[in-house]
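> The residues making up each chain are set out below.
2 protein chains.
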Amino acid sequence: MEFSALLTSAGINIAVCILFLSLYSVLRKQPHNFSVYFGRRLAEEKFQKQDDYFSFERLLPTAGWIVKAYWCTEEEIRQVAGLDSVVFLRLFIFSIRIFSITSLICVFGVLPVNYHGKEITHDHIPTEPLNVFTIANIIEESQKLWVHCIALYIITISACILLFNEYKYISRKRLAHITGSSPNPGHFTVLVRSIPKSDNELLDDTIRNFFVNYHGSSYLSHQMILRKGHFQSFVDRAERAYRKFVRVRLSVSERNGKSSMSRCGVCGVRASSFQIYRNKFIEAKKADLTNPEVVDAQKNCPGALVFFKTRYAAVVASRVLQSSNPMLWVTDLAPEPRDVYWSNLWIPYKQIWLRKLATLAASVVFMFVFIIPVAFVQSMMQLEQLKKMFPNLRGLLNKSFFARVVTGYLPSVVLLLSLYTVPPLMMLFSSIEGSISRSGRKRSACLKILFFTVWNVFFVNVLSGSVLNQLNVFTRPKDMPTMLAELVPKQATFFITYVLTSGWASLCSEILQVYNLVYNFFSKCIFCCHQNTEYVYSFPYHTEVPKVLLFILLGFTFAIMAPLILPFLLVYFCLGYLVYRNQILNVYYPKYEMGGKLWPIMHNTIVFSLVLMQVIALGVFTIKHSPVATGFTILLLVATILFNEYCRHRFSRIFEAYSAQDVIELDRDDEQSGRMQEIHQHLQDAYSQTPPGAEGSSRSGGQVPIELILEDPAQEASESSQELCDTVQEVSEAHEHSIEEAAGKAHCV
Amino acid sequence: MEFSALLTSAGINIAVCILFLSLYSVLRKQPHNFSVYFGRRLAEEKFQKQDDYFSFERLLPTAGWIVKAYWCTEEEIRQVAGLDSVVFLRLFIFSIRIFSITSLICVFGVLPVNYHGKEITHDHIPTEPLNVFTIANIIEESQKLWVHCIALYIITISACILLFNEYKYISRKRLAHITGSSPNPGHFTVLVRSIPKSDNELLDDTIRNFFVNYHGSSYLSHQMILRKGHFQSFVDRAERAYRKFVRVRLSVSERNGKSSMSRCGVCGVRASSFQIYRNKFIEAKKADLTNPEVVDAQKNCPGALVFFKTRYAAVVASRVLQSSNPMLWVTDLAPEPRDVYWSNLWIPYKQIWLRKLATLAASVVFMFVFIIPVAFVQSMMQLEQLKKMFPNLRGLLNKSFFARVVTGYLPSVVLLLSLYTVPPLMMLFSSIEGSISRSGRKRSACLKILFFTVWNVFFVNVLSGSVLNQLNVFTRPKDMPTMLAELVPKQATFFITYVLTSGWASLCSEILQVYNLVYNFFSKCIFCCHQNTEYVYSFPYHTEVPKVLLFILLGFTFAIMAPLILPFLLVYFCLGYLVYRNQILNVYYPKYEMGGKLWPIMHNTIVFSLVLMQVIALGVFTIKHSPVATGFTILLLVATILFNEYCRHRFSRIFEAYSAQDVIELDRDDEQSGRMQEIHQHLQDAYSQTPPGAEGSSRSGGQVPIELILEDPAQEASESSQELCDTVQEVSEAHEHSIEEAAGKAHCV
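One line per chain: the protein sequences are A and B, in this order.
According to UniProt numbering, numbering within the first sequence proceeds without interruption in unit steps and concludes at 749.
According to UniProt numbering, numbering within the second sequence proceeds without interruption in unit steps and concludes at 749.
FYI, nobody ran anything at the bench for these hints, they're computed from the structure.
Among the hints, a few may not be true.
As the list makes no split between identical chains, a pair holds if one copy fits it or if it spans any two.
[What the hints assert, rightly or not] Taking lysine-lysine and the DSS-like style, the derived pairs with C-alpha atoms no more than 27 Å apart in a straight line are:
1. 197 <-> 173
2. 399 <-> 524
3. 547 <-> 118
4. 309 <-> 68
5. 597 <-> 173
6. 197 <-> 168
7. 350 <-> 168
8. 356 <-> 387
9. 399 <-> 387
10. 524 <-> 173
11. 356 <-> 173
12. 173 <-> 350
So that you can see chain A by itself, here it is in the shape it has in the complex (with noise of 0.2 Å):
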């Protein structure tokens, strides 16, 4: 490829991206698409809803949303979107300042190095081969890899100092994001799983008679996991024909704990009744220990959460293991109500791990079978191997302009469409893996796509470009540095390439939110469908830091290599700043916390990419015989290794555990203020189980924050109100029923 070529192709994309922008900023200020582009606004009911007059202005392309999304301050977007999104948007600061200074040194010092590494006489730099600017360009023991050897250095160093900043700073963030927040009913509640059965006892009392013997101080009660039974569903169904009368709006009144559910209209009943009957049923059942289905849901039950009277009981028993038997009584801090993933609580402990070794054999298999369209999507770069396969396309080949097309940006979006079948389905596989929360599992999943991203599209790239059926090349690790450092060179242009494509269209088409454009346009204008479900998605994290953390990668690993990428990522890096707060800001709505633990994970993915920046300038000072800048780099690669290791100590455990200091500080703090008693009597109610089957495992979190918003509740009341009717029927009698039973009972006692 020419460096015409790589111009031509960022001259397309620069265009498409100016198009899409400006396509965003007139689609943003129509109406009909404000459920697409201020979905958090809409559901957090801030957002002013607008008069749908016409005017001339509203066609105009503006930039007034990129200035809203850049003077934003971070703790604006820490108090509507969580700190996750701090900790995302941070990940792009740092690439922002790693990758300026790298540019700099690079294109400034390395670049012209490059270009005159060989004495020969450069005329017309546009029909000049790209290779001319990489570092295969410099012949061999040529004095000039000192240049190489200093930039590394000025690379690793500054940024393992912005590294070690940033992990202090999100630290810093994480702790005053725990001890600042109000309180989490998690923080006080410990999941227990893997409870022994005992045939005397029910298990309500196992659990009881444990907690009160070894941790009688602090235990305040517990509530059951139960699998849905016959009983458990009845109740449910009565659950659900309640929800479909009643309008729920996520107001932020309701969201700092206070119910404003409004009276459903058809029975005079109050809203929160079938709240009272549920709480009788459960006291019902709870007395009827005769009842055989009662023990047998017992029987059948997965676990437990323990509530604690303080934060720091909960941190110790969760902490410390409690049976002798480490497979019996198994604890862990609960996850927030919010979080909790109730389907995967009801999997028996004794099959997580199992589940966890399936999950990691199936997802590697996955890796190494996605090879093949990658090999696929290489062997397309090879014009003349195209011409072979499809001869009728020979005309339109041999013309220059289709040819740049198909070799600079067909194969880039081909590889990019069959990644977008990876999420989905790592995201399955950590369902299956048995996470207990949400954001485990969206962690877990973005860690596979991320080990998936790395290989599939860096190593298969580069290893299978050039030795496309030398497979075996990955059994001989010795060999990688050297191997690594004559095939990275050569790769350069489709990284280039791909940058272009996967890195700038995918922020275009992150901000346009093509598919819910669309859907929002059929939907409304098409079907003039008005009742519509207006759905606020949560932010994809698992997709999208692999995507940034792929891109930093890339730009360490071809710094020195290939300068002429630095510019192109710099660019994204900026555009993909500002695209990312515009959309956390309006669109995604937090579903749930992670606390940062997402920085670990890019904190250990940047060490990693250090480090083979350095592995594979390495392999090219052995190749260009340079034994003194090769002694230095394995010097750096050592001191690299123990940067990481320090941060390791100092900070990963921080983003795993609380500490004695600030949980026994909060919880002084709330007994003090006398908020402790307030506390107690939220928990029982904290964790309600609406099983998955019943509402939608999209909704299976019970503390739902938005509700579908039902346009006009009468509408559906017709359908419903004879399933509502016949259940109400149902519950009063089973109801009446039990009392009689257990009055029974007593007259038999």
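Following the hints, put chain B in place on chain A, whose structure we already have.
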């Protein structure tokens, strides 16, 4: 090597073994050797010293010791030598069981199949080369490989069943050990390191304030770990002088906590007076906050031992992250007093991670550098090469008997001798690593030596035996199975002789205690030095466990490849069981208790051996083109890994942490029986810090169970009396001075 050469080697070894064992049975009856062969019994003074009369019976070899060693029960061994000895002997029991099964299957099932693998006529077995007994004799695509596959299944399944039962049995023993033993100060104590320094507060107060603040209900007291300052060394000198006079005997009553110190005859003061002086000094030092030396000592304090009121509180404090900076207030459960490795407690906590990495790197480097002597040993195997190297010996080497000795015996002796340098070095590495307990150091050394042995004895011999200069084969993990499958059967001869020489001979040298015997002989009989220091050794788990595990590895890997090794191994395990039982009962004295923590290491290594056996079998089946057998072996491999994972989840945490249930029950028992008060009083004095510089590193543990036994204290008295009087003078002056100062201060106030 021919079968007859093997028989020669076996013959030599059997003769040597019988000779050594007879020699042992004679030597142990000689009274002047009692200190060598009955060290533990002498130390416990249970062994009744016989009069030194001469009888003819004393010169007759007998087998009584074997009977005694065999009939001793496991419970007796646990009581006299601790749980670790039991675990070590269980390893032998496991080995005998599994290799009985394996020998039965392989010698009667696999060996005939191997022998008749090719359609050739066998006439005279002794002249057969050994490789007709190996799997190399089987032709490709043979149906007979099914026998090997079935043997593999039977061996793996029975090994897994036995392993699981052993793990379960040892876990139960460990739990019984924790709950059944007398109160251990280590259970109540937490070692706190990396205490933040503040300018306006003494470290002593910082510690007290922190624990009173956050663990107020359970905090008892604390003891600072002080680096040796001038003040300290001065007190130490006094103590040292005092100790020279006192004859301390370890009697059973003393071990139970009662002090039975005799009077020191020169000064007329009671023996414990120095303890009183010492305590007064420490008190005076505490009050004296203006003394820059005291302030300085506090600044240099690397940590403290914090005592808690209950075991549960100590467990909680050790498990929970204390501060929001994970590098501060680092807590670990303290080792028991005699197990503390004081000189490592003085290492600043911030260095620990760096030290661990550095020793890891050093061990790995040493592991690879050691290849050179091993390669030399291997080159000695080839007679032709030897003839070239030493042309003078050509005449000798041409003789059949010498040739057999050289090829069959010498190489493993050389290897064995060079291996003797490894344990001290690995022990040094483990000391540098910064382990806080002696048992932790030994465990770490054991693991290092294990890796070293498996790598340098097994892998390097297998791989470099035939492809000496092709060390780059290590870099192709994919080809490993087929490569091992080709090379392992070829090295069968070497390893069979290795079992004979290294295995059997090491048992003989173990039971004879050659080094101690010679030392004892010279010191007692030649130099007539009767006041020699009778030092009792603790069992060298770090050298013996890797040795036994290596033989288990050899047994599994050669089981189906070259079954001839199995009978020799079985003899080794049976003999080893008796020899080590005898040595544990008579010679070694347990100075500290690891609580069976070596078992997980043993278990993992055995599972690794099984996996290696399967991987090699996989290679063999691939080479011999038996795809169905390959498939079945992969299935077995996966099942074995799953089995190991299950065991890890089921048992490993028992060996890492104490469970709340057990610990709380223990606390309750002590509280109800009123023993708690007594335990608390003892806690304060349990950990005494005697700097190793003052008394030699071997006795730095404070509570040294076995003191030097001075036969005649009067002899040394004349030398030390002057020193003692001087020191007493100094001590009392300094004491008076400090009292005056304190009084002066009181006046000022």
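> Determine for every hint whether it applies to the structure shown.
Verification of the hints:
| no. | hint | in the structure |
| --- | --- | --- |
| 1 | 197 <-> 173 | between (43 Å within a copy, 24 Å between copies) |
| 2 | 399 <-> 524 | neither (44 Å within a copy, 101 Å between copies) |
| 3 | 547 <-> 118 | neither (36 Å within a copy, 59 Å between copies) |
| 4 | 309 <-> 68 | neither (44 Å within a copy, 59 Å between copies) |
| 5 | 597 <-> 173 | within (11 Å within a copy, 40 Å between copies) |
| 6 | 197 <-> 168 | between (46 Å within a copy, 21 Å between copies) |
| 7 | 350 <-> 168 | between (38 Å within a copy, 17 Å between copies) |
| 8 | 356 <-> 387 | neither (46 Å within a copy, 58 Å between copies) |
| 9 | 399 <-> 387 | within (12 Å within a copy, 74 Å between copies) |
| 10 | 524 <-> 173 | neither (42 Å within a copy, 71 Å between copies) |
| 11 | 356 <-> 173 | neither (31 Å within a copy, 31 Å between copies) |
| 12 | 173 <-> 350 | between (36 Å within a copy, 24 Å between copies) |
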